Amino acid sequence: MSSLLEAYVQTEDFDIAQEYQYLRENNSECGAFVSFLGQVRDFNEGDSVSSLELEHYPGMTEAVLNKLLQEASDRWAISRAKIIHRVGALQASDKIVWVAVSSAHRADAFAACEFLIDALKTQAPFWKKECAEHGERWLDAKDSDQAKARQWMK
Amino acid sequence: MITLLYFARYREVLGLDSEQLVFAKPCTVQDVIEQLKQRGEPWSSTLSDSKLMLAVNQTIASAEQELNDGDELAFFPPVTGG
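Chains as they are written, first to last, in the numbering used here: chain A, 1 to 154; chain B, 1001 to 1082.
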């Protein structure tokens, strides 16, 4: 059976309860549901952060997310997987990203969800600009994120 | 003609998000980079960034890749989403 895979890039917020309901409805063959929610921290590298601007590369972003979902589906026995990533202006505590996976058993759901967020962080063309106490700054990519993503390479 | 796109920090520094460039085949990504560097600063230092990433037609590419008429070539810094 093929998996139901979906990726959305949007400025609008999303509702966690609705997303969980979507993941579970008409999905009685699944016993495991794993999700990751990323939100805007109010503190980063010693500065308090008031807001964030998220830029992306329209077209390529969706293509990369769909490729990653397909890879997750090829590697693990998952039933549904959905990624939502917001772009535009975001405030502290706003939701940024949602990755949710359902599977018959938890091991596949945990692995696929963690793979998806790790790979998204290093491959999907999004860029964050922080507005902090001491002005605006584009965030630098972290070596720790690269190392985390490399662990999933076959 | 190819389309060039610049994102994030590069877009701000260069003051430009896209442009059309006339080119003569054969031409690689590296040839385009060298041509743009001829414009002087801030092009020269921006396109010399050791972390510069590039995509041709929305797929990550290397500087050796050959370009064709109508291609879309994007320059961007390492990604920081999630």
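Hints listed in this document are in silico derivations from the structure and should not be mistaken for laboratory results. Owing to the predicted nature of the structure, the values given are computational and were not obtained by experimental measurement. Keep in mind that a hint or two might mislead.
Listed below are the simulated EDC-like cross-link pairs for lysine to aspartate or glutamate, each with C-alpha atoms no more than 16 Å apart in a straight line [what the hints assert, rightly or not]:
#1 A:K154 - A:D74
#2 A:K95 - A:E12
#3 B:K1051 - A:D143
#4 B:K1051 - A:D140
#5 A:K95 - A:E29
#6 A:K129 - B:E1012
What follows is a set of in silico ranges between Cβ atoms, one per label pair, in the way DEER data are often shown [said to hold, decoys possible]:
#7 A:R137 - B:T1003: 23 to 33 Å
#8 B:S1062 - A:R137: 39 to 49 Å
#9 A:K67 - B:S1062: 17 to 27 Å
#10 A:G135 - B:G1040: 41 to 51 Å
Positions of the beta carbon are idealized from the N, C-alpha and C atoms, including for glycine.
Quick rundown of the hints versus the structure:
{"no.": "1", "hint": "A:K154 - A:D74", "result": "holds (12 Å)"}
{"no.": "2", "hint": "A:K95 - A:E12", "result": "holds (10 Å)"}
{"no.": "3", "hint": "B:K1051 - A:D143", "result": "holds (12 Å)"}
{"no.": "4", "hint": "B:K1051 - A:D140", "result": "holds (10 Å)"}
{"no.": "5", "hint": "A:K95 - A:E29", "result": "violated (29 Å)"}
{"no.": "6", "hint": "A:K129 - B:E1012", "result": "holds (11 Å)"}
{"no.": "7", "hint": "A:R137 - B:T1003: 23 to 33 Å", "result": "holds (29 Å)"}
{"no.": "8", "hint": "B:S1062 - A:R137: 39 to 49 Å", "result": "violated (29 Å)"}
{"no.": "9", "hint": "A:K67 - B:S1062: 17 to 27 Å", "result": "holds (18 Å)"}
{"no.": "10", "hint": "A:G135 - B:G1040: 41 to 51 Å", "result": "violated (27 Å)"}
Hint violations for this structure: numbers 5, 8, 10, all remaining hints satisfied.
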